[in-house]
Every structure is written in structure tokens, then in C-alpha cells.
Amino acid sequence: MTETAVDAEEVRHVADLARVDLDDDEVAEFAGQFAEILSYFDELDEVPEVEAEPDLVNVMRADEVHDGLTQEEALRNAPETEDGYFKGPRVS
Amino acid sequence: MSADLNAFITEERIEGAGEGPLAGRTVAVKDNISTADVRTTCGSKMLADYVPPYDATVVERLKAAGATVVGKTNMDEFGMGTTTETSAFGPTRNPVDTDRVPGGSSGGSAAAVAAGDADLALGTDTGGSIRCPAAFCGVVGIKPTYGLVSRYGLVAYANSLEQVGPIAPSVREAAELLEVIAGPDEHDATTRDAGADAGYADAADGDVDGLSVGVPTQLLEGADEAVVEAFWDAVADLEARGAEYHEVSLPSLEKAVAAYYVIAMGEASSNLARFDGVRYGVSGGYEGNWNEAFARSREEGFGAEVKRRVLLGTYALSAGYHDKYYAKAQDARAWVKRDFDDALDGADVLASPTMPVLPFELGESLDDPLQMYLADANTTPVNLANLPAISVPAGEAEGLPVGLQLIGPKFGEREIVRAASALE
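Protein sequences, first through last, are from chains A and B.
Just so you know, we're using the working numbering here: the first sequence kicks off at 1 and counts up by one.
Just so you know, we're using the working numbering here: the second sequence kicks off at 1 and counts up by one.
Quick caveat, the hints were computed from the structure, so don't treat them as lab data.
Worth double-checking, as some hints may not be accurate.
[Unchecked claim] Reference listing, derived: stretches of chain B covered by chain A, where coverage requires no fewer than 3 residues with Cβ under 8 Å from a Cβ of chain A:
1) 226-235
2) 282-291
[What the hints assert, rightly or not] Incomplete in silico selection of chain A near chain B, CB under 7 Å:
3) R12
4) F41
5) A78
6) P79
7) D83
Cβ atoms here follow ideal geometry from the backbone N, Cα and C, with glycine treated the same way.
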């Protein structure tokens with residue numbers, strides 16, 4: 001357990017990386033649950049190294065132009081648009 | 001419609017071609033599968049108003065086959081759950097016992113079929129999300145081999161694990177629906193030519209004479225006694241019809257749940273990064289900078305289980321923890337694949353209880369996420385190994401349905417359909 005103890009500060013740090021705001025109650029609840037779940041994941045330490053033969057191949061196709069969504073279709077689910085563009089928050 | 005079950009998020013008819021193998025049949029479609037001009041919510045507040053501008057390939061194929069879509073079914077938010085209780089639209093109830101969950105995450109699809117609100121349904125299965133609700137509701141569900149069915153238009157949760165598949169009252173009907181949706185798609189480069197025209201429904205002939213069934217002992221450990229009893233009764237039925245069984249040991253399966261959750265959460269944390277409230281979803285407003293607005297959108301739009309998985313996935317992939325969690329989970333995945341390949345060298349199919357437990361009571365597992373994850377012990381290994389599996393009703397225990405899971409080799413859907421049909 002000690003190895004995977006998770007404190008509130010760590011939950012806030014990960015939430016920041018993941019761009020998810022949390023309230024204090026969620027932070028407290030997640031800290032307890034994450035400690036339990038991550039200590040369960042510790043059993044992966046016992047997994048042997050396995051020679052994996054990846055059966056993956058590249059699937060290629062000709063790069064041809066097809067009809068896609070219209071600008072109107074692409075924009076229709078956006079909460080806000082301006083002059084045919086998505087409207088986002090400022091970058092910095 | 002059985003409104004009290006809350007099986008549907010949106011009830012809207014989409015008429016098909018009129019002719020074809022599914023003419024005159026109604027199909028319920030899980031709400032993470034895109035339907036042009038019909039809202040597709042994924043059971044999330046984030047997408048409560050999202051209306052796709054195009055059909056998923058499987059929906060195009062349903063329509064071309066003459067089927068009528070009757071609505072979009074309730075589900076755990078983004079497929080993240082085993083009970084359909086994490087939906088932002090409220091839980092679905094199990095038609096067999098309305099105080100119990102229908103299983104998840106495709107709980108609305110299984111409940112709709114079990115209640116007779118649709119002849120057939122589409123679900124999706126990332127770690128058991130078709131087989132679990134099929135087992136809990138007493139119907140049939142198939143998780144196809146990875147690459148048999150197109151994922152184009154499926155809102156992604158964990159790409160390397162998930163497949164769209166059929167839920168139906170009988171094995172033959174599930175196989176008929178599988179025939180319609182199977183086969184390569186230029187819009188999904190992970191689809192394969194294998195199995196495209198394999199005649200799955202014809203395989204439902206009940207002939208198991210000489211069939212060799214392997215029973216992985218690890219998938220019986222920890223299962224409820226009543227479930228194990230129903231399981232062995234079903235195996236005895238197969239024996240009486242000429243099949244033989246033997247026990248096999250697959251030690252890797254003990255690590256499958258942990259490996260599955262690390263991989264699924266890792267993929268989820270990346271896939272769900274697209275939900276920023278700008279192109280679709282709940283807007284985070286325009287106060288402060290880009291990152292602050294995104295974080296507000298996601299706080300507002302995501303439920304607790306989705307936040308939990310996105311955060312844990314971010315943690316498991318972050319610097320310093322990647323090797324400990326994600327790399328080891330990939331090793332475990334390769335080990336599970338190897339164990340299954342070895343076991344299937346000595347057996348035609350493998351059998352286990354689909355779920356180690358009977359359907360939970362509503363609310364029973366919501367406060368304990370780890371308990372809910374552990375209920376996926378028998379289904380998650382199959383997704384890690386990319387194999388096909390079917391859940392077929394195998395009697396009852398304590399008046400509740402028990403499902404039997406049959407696992408086949410890659411593109412061995414005919415074998416599992418045949419074996420399952422012997423139990424009807």
C-alpha cells in the first residue's frame with residue numbers, strides 16, 4: 001500500500017494534466033479509491049516478460065480526394081462559431 | 001415500449017431499405033454508435049445534444065439490410081461500467097427483475113431485446129459490455145473477433161479492445177445480425193477480409209458431436225457457487241450431446257483484469273481528450289485561457305466514473321509510471337494471448353460462466369469501483385486476446401439468469417455459434 005499511496009495533491013496534479021477540474025469532495029473520494037485501485041494494479045509486477053510477435057501490418061490505400069462533411073455539417077454541433085469557424089477560448 | 005425500464009435514451013424510428021435479410025425486423029442501437037441526424041449521447045451529459053452528421057458503417061449496413069432502427073439505447077457513460085448505472089440519463093432496469101441492474105455497458109440494448117421492445121440490438125464490447133448484459137438479461141450476445149466488424153462511427157473508448165456486436169433472443173438471430181454487420185470497411189483500417197461471408201446463421205445447427213471443450217479453471221475460481229452449479233449443468237448438456245470437456249490452466253488470466261483496466265484507462269485518457277467543449281459538447285466558456293476552459297467543460301460534462309478512468313489512465317501513462325503500469329499491462333496482454341492460443345490448440349472452444357456473479361441489485365456496486373471492475377474477470381481476457389466469444393443463457397440460479405461464455409479461435413465465430421446453439 002505504501003508504494004501506491006495517493007494523496008490529494010497527487011490527484012490534483014493528475015487532474016491538471018488531464019484538464020479536468022475537480023471539487024474538494026471529488027479529490028478526497030478519488031484519493032482513497034485510487035490508492036485501492038493502484039495497489040490492485042501492483043499485481044502486474046509479477047507478470048513475466050513475454051516475447052510478443054506483433055501480427056500487425058500497415059494497411060495502405062491510395063490518397064484520393066473524396067467528398068467529406070460540408071463546413072456547415074462540421075460546425076453544427078459546436079457551442080459557438082464565428083464566420084464559419086469554431087470559436088475557442090484564447091490560447092494564452 | 002417498456003418505459004419503466006429506461007432502456008432507451010432516444011426513441012426515434014429510422015426506416016431501412018424495405019428489402020433485405022433483416023426486412024421487417026426492428027433493431028435497437030447502442031447510443032455510442034453514430035446515427036445521422038439522430039442524437040448520439042454515449043450516455044453522457046457531454047454529448048446530450050450531439051447530433052452526428054453521418055451514420056456509422058454498421059448502421060448503414062442495418063439500413064441496407066432492410067432493418068428498422070427503433071431507438072438509441074441507454075448505456076454506461078462512454079461504455080465505462082458493468083451495470084448501466086453510470087449513465088447520465090439514469091439507470092436501466094433489468095426486465096427479469098426490475099430491482100436489479102441489466103449489466104453493462106450495453107444494458108439498454110440487452111434490456112430492450114429481453115423485454116421485446118426490439119427484435120435485435122447492437123451493443124459494443126470493450127471488456128464484456130455485450131456479454132455481461134446478455135447474461136444478466138437472459139439473452140444472447142456475441143463479441144466478434146477484433147477486426148471482423150467496422151468501428152467507423154463508434155465513439156471510441158479503448159480502440160484496441162472494442163468491437164460492435166449483436167444481441168438477440170436466440171443464437172441464430174444473433175448470428176443473422178452478425179452476418180449483416182461483418183466484413184471489411186475502407187473507413188476502418190483495422191477490419192479484415194477474414195470472416196466476411198462466413199454464413200454464421202447456418203452454423204447454429206446444434207451439432208456438437210465430437211466437439212472438444214476446454215474449461216479454464218481460473219475462470220471458475222471466485223465465482224458464486226450457484227453460478228458454478230448452473231455452469232456445470234450446461235457443460236453436462238453439451239456432453240450428453242456428444243461433446244467432451246477437459247480442464248485447462250491459464251495462469252495469465254489472474255492478471256487480466258488489472259491489465260485490461262490499465263490499457264483501457266490509458267486509451268480512454270487519450271481518446272476522451274477530444275472532448276474540449278469547442279467542436280461539440282458542453283462549452284467551458286471563454287473566461288481565462290484554453291486549458292482552464294477545457295477543464296471546466298470536462299468537469300461539467302463528465303460523470304464520476306469517466307473522470308476516474310481518465311485520471312487513472314493519465315496517471316498510468318505519465319512519466320515515471322509508464323513502465324510500471326502500461327508496459328507491464330502490455331506484457332500481460334501478450335501472455336494472455338499466448339495462454340489462449342495454447343489452450344485452443346487442444347480444444348475447439350473454451351467455456352466459462354460469462355459473469356462470476358448474479359445480476360447486482362441497483363445501487364449495490366456504485367460506491368466501490370474496484371468491486372465493479374473485478375466482476376469483469378471472465379470477459380476482459382477475451383478482449384485482451386482479440387478473440388470471439390458468445391454468451392448464451394444457461395439456466396437460472398436463485399430465479400435469475402446465468403450466462404455461459406464460449407470462446408473461440410480468431411475468426412472462429414462459426415464454432416462458438418454452433419456450440420452455443422446446442423444449449424437452446
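Hint-by-hint comparison with the structure:
1. Residues of the segment 226-235 of chain B with a Cβ under 8 Å from some Cβ of chain A number 0, which does not satisfy the need for three, so the listed coverage is violated.
2. Interface restraint, the segment 282-291 of chain B with chain A: holds (10 residues with C-beta to C-beta distance below 8 Å; minimum three).
3. For R12 (chain A), the suggested interface contact is broken, since its CB lies about 10 Å from the closest CB of chain B, more than 7 Å.
4. Annotation: interface hint on F41 (chain A) holds; nearest CB of chain B at approximately 5 Å, less than 7 Å.
5. Interface restraint check for A78 (chain A): the shortest CB-CB distance to chain B comes to about 6 Å, inside 7 Å, so the restraint holds.
6. Below 7 Å, beta-carbon pairs count as interface contacts, and P79 (chain A) has one with chain B at about 4 Å; its hint therefore holds.
7. Restraint check, D83 (chain A) versus chain B: the minimum CB separation of about 15 Å is more than 7 Å; hint violated.
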